[in-house]
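Keeping their order, the protein sequence lines are chains A and B.
If you want our numbering, it's the 1-based position in the first sequence plus 1.
If you want our numbering, it's the 1-based position in the second sequence plus 1.
For the record, the hints were derived by calculation from the structure and aren't laboratory data.
Don't take each hint at face value.
Claimed, not checked - Mimicking SDA-like on lysine to any residue, the simulated pairs with C-alpha atoms at most 20 Å apart in a straight line are:
(1) K51(A) x F98(B)
(2) K231(A) x S43(A)
(3) K167(B) x D101(B)
(4) K227(A) x G160(A)
(5) K171(B) x V212(B)
(6) K227(B) x K171(A)
(7) K99(A) x I199(B)
(8) K167(A) x K227(B)
(9) K171(B) x D101(B)
(10) K47(B) x V212(B)
(11) K171(B) x I100(A)
(12) K99(A) x K163(B)
(13) K167(A) x R198(B)
(14) K161(B) x Q130(B)
(15) K171(A) x V212(B)
Protein chains: 2
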Amino acid sequence: MKTRIISGLVMAPLLLIVYFGGPLLTLACFLIGIIGSREFYSGFAKMGVKASYAVTCTAALALYAIDMFIDSDSQYFITTMQLWFFAVVLASCLYLFKIDERQPADAMATITGTFYVVFFSYHVTAAEQSGEYGMLVWLIFLTAFGTDIMAYFTGYFLGKHKLCPKISPKKTIEGSIGGIIGSTVLSALFGYFFFERIFIHCIIIGVLGGVVSQFGDLTASVFKRKMGIKDYGSLIPGHGGILDRFDSVLFTAPMVYYYIMLVLS
Amino acid sequence: MKTRIISGLVMAPLLLIVYFGGPLLTLACFLIGIIGSREFYSGFAKMGVKASYAVTCTAALALYAIDMFIDSDSQYFITTMQLWFFAVVLASCLYLFKIDERQPADAMATITGTFYVVFFSYHVTAAEQSGEYGMLVWLIFLTAFGTDIMAYFTGYFLGKHKLCPKISPKKTIEGSIGGIIGSTVLSALFGYFFFERIFIHCIIIGVLGGVVSQFGDLTASVFKRKMGIKDYGSLIPGHGGILDRFDSVLFTAPMVYYYIMLVLS
Numbered sequence: 002m003k004t005r006i007i008s009g010l011v012m013a014p015l016l017l018i019v020y021f022g023g024p025l026l027t028l029a030c031f032l033i034g035i036i037g038s039r040e041f042y043s044g045f046a047k048m049g050v051k052a053s054y055a056v057t058c059t060a061a062l063a064l065y066a067i068d069m070f071i072d073s074d075s076q077y078f079i080t081t082m083q084l085w086f087f088a089v090v091l092a093s094c095l096y097l098f099k100i101d102e103r104q105p106a107d108a109m110a111t112i113t114g115t116f117y118v119v120f121f122s123y124h125v126t127a128a129e130q131s132g133e134y135g136m137l138v139w140l141i142f143l144t145a146f147g148t149d150i151m152a153y154f155t156g157y158f159l160g161k162h163k164l165c166p167k168i169s170p171k172k173t174i175e176g177s178i179g180g181i182i183g184s185t186v187l188s189a190l191f192g193y194f195f196f197e198r199i200f201i202h203c204i205i206i207g208v209l210g211g212v213v214s215q216f217g218d219l220t221a222s223v224f225k226r227k228m229g230i231k232d233y234g235s236l237i238p239g240h241g242g243i244l245d246r247f248d249s250v251l252f253t254a255p256m257v258y259y260y261i262m263l264v265l266s
Numbered sequence: 002m003k004t005r006i007i008s009g010l011v012m013a014p015l016l017l018i019v020y021f022g023g024p025l026l027t028l029a030c031f032l033i034g035i036i037g038s039r040e041f042y043s044g045f046a047k048m049g050v051k052a053s054y055a056v057t058c059t060a061a062l063a064l065y066a067i068d069m070f071i072d073s074d075s076q077y078f079i080t081t082m083q084l085w086f087f088a089v090v091l092a093s094c095l096y097l098f099k100i101d102e103r104q105p106a107d108a109m110a111t112i113t114g115t116f117y118v119v120f121f122s123y124h125v126t127a128a129e130q131s132g133e134y135g136m137l138v139w140l141i142f143l144t145a146f147g148t149d150i151m152a153y154f155t156g157y158f159l160g161k162h163k164l165c166p167k168i169s170p171k172k173t174i175e176g177s178i179g180g181i182i183g184s185t186v187l188s189a190l191f192g193y194f195f196f197e198r199i200f201i202h203c204i205i206i207g208v209l210g211g212v213v214s215q216f217g218d219l220t221a222s223v224f225k226r227k228m229g230i231k232d233y234g235s236l237i238p239g240h241g242g243i244l245d246r247f248d249s250v251l252f253t254a255p256m257v258y259y260y261i262m263l264v265l266s
């Protein structure tokens, strides 16, 4: 448990980054994308799958260049975003042309890694830039870490019934429910103190975040189990890699972003 | 060679569909997407990879629903398109939760198949709906089939130097150059008779189309070779499947679409 708490404290500087926001947060998202995909590809390498890190890094640079230099309200933005998706798939396919050395799984892992890590984490900065509701970017982290911490403690003290033992043997149904409550309470507090006008929406996001962040966690567990690894990396000694820390954020970020754009805006 | 010519004639009804355009063309694109991905997944099945056809069909329905019901100039359009990409990756990852039965490659093939077949072919209808340059949708097919036919005949009569024997043993450098010329001439004729105002652009699209359609053809060859199959399907007896016919179109469609949106508009 001590490890867990220390590992939580390690995340404290992140809150400062979210607080300052802007270019600093954008840079942090970019780094999560390129460090996270590197860890993801190291896991694939253990299965004999050689994804193209060069394609993914180029794609990440291009995505953030689009974000910075193209007005998100313009017609060009949608076109270049679509072009970005096309180009990622195209480049990954062309990567197979060295047919003696490569397998379809190498291209497919490149496509998957670029979208799952780089594109998903990009939603954090996209949410922050979403105008009057940009401050809801906090909920991406509050739901993810609120779920994580409360699920851990509830499971530790009350956990009896296994949630999905084949994917993640230690998780319990009690922990899962505790996680959703933790996420909801934190989000409600946030709404109450900082965004009273949309208090109800904050609670809804809290509930949704409690659910999707656990799916994010389990998705990472599935991949790690299949790759035969315990952690994605060892960036923070003893506390796993970037992807281990942000597996839930990869799912809560799009959830919050689309909630802002489709429900609130 | 007889087979080749008959197989060309089989495509004639397609020209009628392009001529009428509108909902008929949209429906044709949708069908290419769902039949093509089915063929693609049959190929994967031969490698022991079980992609989720249900995810891909649902994604195709959603993509065309977005296309039909949401104004492409609105902010909602870009958001729902982004959401579509997110949802495809998400659903494919969740597909892995039956962890005993499934492998990462199953999810990755679903992501790849949905984007490569459904999203790429969707660009045909997107190009047709691009406003004043919508008629350039013809160039998607003229470049693809112009390249294919001329590459075949040039290669047949003049071919001496192999292009990339490991991927496609019969292709020659002479055929490849002939293909680019064929695409360029057809596109130039189209521009001269129907779109004189942008004649030069038609020629540029012709050259680009001659190149990318060969990349489309080779990409399909790489996949088929790795899957250990000669053709993707047998929809048209003796002439392969939908994907064998449209492998080049999957690449020329985005090329023409992005050319219209980023250069001409």
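Going through the hints against the structure:
1. K51(A) x F98(B): Cα-Cα ~23 Å, so violated.
2. K231(A) x S43(A): 12 Å, holds
3. K167(B) x D101(B): The given pair, whose Cα atoms are some 36 Å apart, is violated under the 20 Å limit.
4. K227(A) x G160(A): 26 Å, violated
5. K171(B) x V212(B): Holds - the C-alpha atoms of V212(B) and K171(B) are around 17 Å apart, at most 20 Å.
6. K227(B) x K171(A): 39 Å, violated
7. K99(A) x I199(B): 38 Å, violated
8. K167(A) x K227(B): 32 Å, violated
9. K171(B) x D101(B): 42 Å, violated
10. K47(B) x V212(B): 30 Å, violated
11. K171(B) x I100(A): 16 Å, holds
12. K99(A) x K163(B): It holds: about 16 Å lies between the C-alpha atoms, which stays within 20 Å.
13. K167(A) x R198(B): Violated, at roughly 64 Å.
14. K161(B) x Q130(B): 42 Å, violated
15. K171(A) x V212(B): Violated, at roughly 54 Å.
In this structure, the earlier hints numbered 1, 3, 4, 6, 7, 8, 9, 10, 13, 14 and 15 are contradicted, and the remaining ones agree with it.
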